[in-house]
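Construct all of the structure, not just a fragment, from the sequences and the given hints.
Numbering (numbering that gives the first Met the number 0), first residue to last: 0 to 308.
Derived from the structure by calculation, the hints contain no laboratory data. Keep in mind that this is a model prediction, so the values were computed, not measured. A couple of the hints might just be wrong.
As the list claims (entries may be wrong) - Pair by pair, the computed Cβ-Cβ distance ranges are: (1) Ser234 with Leu84: 31 to 37 Å; (2) Lys156 with Ser186: 17 to 23 Å; (3) Asp157 with Ala305: 17 to 23 Å; (4) His201 with Val284: 20 to 26 Å; (5) Met165 with Ala300: 15 to 21 Å; (6) Ser234 with Val275: 31 to 37 Å; (7) Ala154 with Asp218: 18 to 24 Å; (8) Gln90 with Met226: 33 to 39 Å; (9) Ala204 with Arg140: 32 to 38 Å; (10) Asn283 with Val160: 15 to 21 Å; (11) Val275 with Arg140: 18 to 24 Å; (12) Arg140 with His201: 26 to 32 Å.
Note that beta-carbon positions come from the ideal geometry of N, C-alpha and C, so glycine has one too.
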Amino acid sequence: MTDAPDTPRRSFRWPSLDNIEQLAKIFSIFLVPVIVAIIGGVIQRTIEQNKTAIEDRKIALEYVKLAKEILARDQKEIGELPDALTSWAWQLISDVSPTKIPPASLAQLQEKKTPLPIDLGAAPSLEDYRTMFETAVLTDRGRARALADADRVVAGKDRYVAVENMTGVPWFVIGILHGLEGGFNFSTHLHNGDPLTQRTVHVPAGRPTTGSPPFSWEDSAADALRMQRWDTLQSWSVPDILLRFERYNGLGYRRRGVASPYIWSCTNHYASGKFVADLQFQPNVVAVQCGAAALLKALAAKNVVALKE
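In structure tokens, the structure reads:
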């Protein structure tokens, strides 16, 4: 039996150098652009995602800045803002804080519309107040008004002394505050000028919280001072007085680089700029009412009080 001839076997041969070069050309022409496109797409998506993340962080940062701006006000200013706005601000501060505010504490901060702690370093030091008061001079236009207002403070001394006996706040400080907040009107609350025939309607609303209307001016005034905790204070030097008056009225002028007319109107330290309504500042409006520093100067000029420097 004759064996069938073997089928010839094809031995493996490495491609020649020319063939490798041809394959490389084909790879470079067709596959490399595809791979580059794929990688490029991934890189582009990563870049876009990073851009989005960066933009999101920028937006988040702007919201945090806004929340801080809302809450970085004194109690009187923040009390005039909508409840929903201050609640949102506190919620955002809590959300971004590494240390979360406990829910019960957060609810209390939101309910009381508590402002962020104010860094007194942003406000003048007591030495700054002292220097400004020493260099303050009544203007020609403001002198007559300041002296007239000082006479009105003296005229109400007996009633102011009655409140001093209830709170420990110096009578002339009470008188100046009465002039600034209520125009020396004894039929209105010292808190905000609302009528004594009912509890306060404007901020702070619902004061006094005890007793029944109509309220006596003295009882209401004592409530206003206790609410500010002025009855717990011991030092009543000129710098202390001016700092308390400015914080009582609000630090909004300071954020605009303007000497507060509540303190410096009718003196050489004030030229113009006034809040004509809540949060509405007009740089060219000039306050007519004399400020606390002007009244202190006028009272001292009349030898009515001995000021503590």
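How the hints compare with the structure:
Restraint check, Ser234 to Leu84: a C-beta distance of roughly 35 Å satisfies the suggested window 31 to 37 Å. A hinted range of 17 to 23 Å holds for the C-beta pair Lys156 and Ser186, which are about 18 Å apart. For Asp157 and Ala305, the Cβ-Cβ distance of about 19 Å falls inside the hinted range of 17 to 23 Å, so the restraint holds. Between His201 and Val284, the C-beta spacing of about 21 Å keeps the proposed range 20 to 26 Å intact.
Separated by about 29 Å at the C-beta atoms, Met165 and Ala300 break the suggested range of 15 to 21 Å. Between Ser234 and Val275 the Cβ separation comes to about 34 Å, which falls inside the hinted range of 31 to 37 Å. Between Ala154 and Asp218 the beta carbon distance is about 21 Å. The supplied range of 18 to 24 Å therefore holds. Gln90 and Met226 have their C-beta atoms about 26 Å apart, which leaves the hinted 33 to 39 Å range violated.
For Ala204 paired with Arg140, a C-beta distance near 36 Å keeps the hint of 32 to 38 Å intact. Distance hint check for Asn283 and Val160: the Cβ-Cβ separation is about 40 Å, which falls outside the suggested range of 15 to 21 Å. With their beta carbons about 20 Å apart, Val275 and Arg140 fall inside the hinted range of 18 to 24 Å. Hint check: Arg140 to His201, Cβ distance near 30 Å, so the stated range 26 to 32 Å holds.
Hint check: violations occur at hints 5, 8, 10; the rest are consistent with the structure.
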